[in-house]
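Following the hints, complete the assembly by docking chains B, C, D, E and F onto the known chain A.
Residue numbers (my numbering), protein chains in the order written: chain A, 1 to 117; chain B, 1 to 117; chain C, 1 to 117; chain D, 1 to 117; chain E, 1 to 117; chain F, 1 to 117.
Certain hints may be false.
Copies of the same chain look alike in the list, so a pair counts if it fits in one copy or across any two.
Each computed SDA-like pair below joins lysine to any residue, with the alpha-carbon atoms no more than 25 Å apart [to be verified]:
{"#": "1", "residue 1": "67", "residue 2": "25"}
{"#": "2", "residue 1": "67", "residue 2": "11"}
{"#": "3", "residue 1": "28", "residue 2": "112"}
{"#": "4", "residue 1": "110", "residue 2": "40"}
Calculated from the structure, these hints are not laboratory results.
Just so you know, these numbers come straight off a predicted model, no measurement behind them.
There are 6 protein chains.
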Amino acid sequence: MSSRDTIWGTHKEAIEERLKAFHPDLEKYIASFAYETVYDRPGLDLKTKELLAIVMLVSLGNPQELKTHFRGVVAAGGTLQDIEEALLFAIPYLGFPRVIGAFEVLRSMKGFASSEP
Amino acid sequence: MSSRDTIWGTHKEAIEERLKAFHPDLEKYIASFAYETVYDRPGLDLKTKELLAIVMLVSLGNPQELKTHFRGVVAAGGTLQDIEEALLFAIPYLGFPRVIGAFEVLRSMKGFASSEP
Amino acid sequence: MSSRDTIWGTHKEAIEERLKAFHPDLEKYIASFAYETVYDRPGLDLKTKELLAIVMLVSLGNPQELKTHFRGVVAAGGTLQDIEEALLFAIPYLGFPRVIGAFEVLRSMKGFASSEP
Amino acid sequence: MSSRDTIWGTHKEAIEERLKAFHPDLEKYIASFAYETVYDRPGLDLKTKELLAIVMLVSLGNPQELKTHFRGVVAAGGTLQDIEEALLFAIPYLGFPRVIGAFEVLRSMKGFASSEP
Amino acid sequence: MSSRDTIWGTHKEAIEERLKAFHPDLEKYIASFAYETVYDRPGLDLKTKELLAIVMLVSLGNPQELKTHFRGVVAAGGTLQDIEEALLFAIPYLGFPRVIGAFEVLRSMKGFASSEP
Amino acid sequence: MSSRDTIWGTHKEAIEERLKAFHPDLEKYIASFAYETVYDRPGLDLKTKELLAIVMLVSLGNPQELKTHFRGVVAAGGTLQDIEEALLFAIPYLGFPRVIGAFEVLRSMKGFASSEP
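Extracted from the complex, chain A is given alone in its bound form:
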């Protein structure tokens, strides 16, 4: 399965429609360059790639795409705890405010349970 099919999962059609409505070529570039060219490179496993994606999105101020890639970690075989650990690990590099914002997005998502028992 392509990395895009794995990450987008059951949201695939919705994400494609959203991006095409933004601009057909934007969707095309994301599919052909971001996913089929860069993401599909062998070398790093998909879970690692998704954790890298997450901390880069945190560095960019936690845009909407963060939700897609929180789901992507799990779709790639990772856990909620992996996500939490990546976010906490970002503190020394990016400071607290960016990381607090990322946890706010994470906890707003249905289907992702809290880390507390």
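Below, chains B, C, D, E and F without anything else, positioned relative to chain A:
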């Protein structure tokens, strides 16, 4: 072995001296908070943490610390190819200029061979 | 006509009121420095200036002002397609997430038709 | 009184609950490192620290924490005018869009009067 | 002539060698995606694209690529004055320090005369 | 004495020449807008303003101007320790790498003694 001892390796004394000369408490906070508190958390393996560190440093404009964590990937059991893959993976998220700058730092380091055969 | 009158257009009074309510001197500095001093420089045509404004706002994470300057491109004689091209052009420099966010703002604006026929 | 008690004031319990729900260790690190280690250093007075916090949050794109530290300036003996002056001072360094966004947050807060008589 | 041939001009071979030494796929992606896919889109003229490139590079902290695109403006039919105007126009959006840094790069380049008579 | 005369001090002529060589209008805007309009506002004392300037420059990646404003803190009646405290205070907001870079600039400046006895 602590994550700090692994990552800093044979450069440990030099890095400590540099940070202490900057400010004794800066060195202390990096040791006790960044490394002993955050880095030493279980959950993610050290190689993954170092790849996360690298893409965050790329997002920050490739400061000096990048060299320490290029070495850190290898010290944690990763390879030059892992570093290269993490940098190429950053392109769709951070754009080309940041990634070009990171490769410039990587290729300037002695002891890291080129990726070409 | 001053660049400010052209860009703010029929929204002029609303924008002025908003900025004055934020701080009277903020409105004054924007009028006298940003517009009358910098924007009104001869050299580049206003459409080009507005396209420059747009990609810089994208680099800053797509703040509210983006809407004003999407309208400004059109007020300066540009088209929706000019805006779309500037946003797509930003991908290699700033990465996909920033550009996706900008298209989201663009498509949320009434009076700006979709690029699709 | 600790700097954290002063800044969080009557919001203390709410902020602690929010951070703990994000991640218990996030709350712990903010309390023990950000506040008890860094904030509680002697040297700069708390009002100055809070003004520094504000312009750094503006540079990060005005995240939620900005509200806490607007209140923090006042809790530390500063005034609404001090906040406004710090925001206006940020213009030459960070540009207008970031500062406009910060005033938008400030004016949205109940209990902070407008600067106009 | 392709936009890449125009912009890279007589530096083409040197730039290609540098990028290939960084990573062969980095060079390939820049050629095929950044230039042949994005840059070669019709819609905006090349001079406008290069001015957009410049202000985005200023927003990223003036990396090395800035020099290539200063030359690119001229190669695309623009003038030194166009570059200077784009940089001055960036002040209200990005603040003075970024713009000062860009002028420093510009004035360090041989073959670009000062703006003063 | 104007804030500009105080901050630039004995470096005034050199800074003016440098900025004028970059672009005469850049120097003019910095003098008339940044200093005479924004800096010279009453409200905050000059030492506080310079500490604010420093942490914003740290957030921008420590450009050259940082040196001018390290000197500015002292010219405004502050001490080396004030500078060090402002830099350490930035850690929780901006992360370690930015702050390490700022200390590197500080320690490279002649005439600023180390913080160690």
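* Given identical chains, is residue 110 near residue 40, meaning Cα to Cα at most 25 Å, within a copy, between copies, both, or neither? -> neither (28 Å within a copy, 30 Å between copies)
* Alpha-carbon proximity context of residue 28 and residue 112, limit 25 Å -> Between. Shortest inter-copy distance 22 Å satisfies the 25 Å Cα cut-off; intra-copy 30 Å does not.
* Asked: Taking 25 Å as the upper bound on the Cα-Cα distance, should residue 67 and residue 11 be classified as within, between, both, or neither?
  -> For residue 67 and residue 11, the Cα distance is within 25 Å only inside one copy (11 Å; across copies 29 Å).
* **residue 67 and residue 25: within-copy, between-copy, both or neither at 25 Å Cα** => both (22 Å within a copy, 22 Å between copies)
Comparing the model with each numbered hint stated earlier shows that hint 4 is the single one that does not hold.
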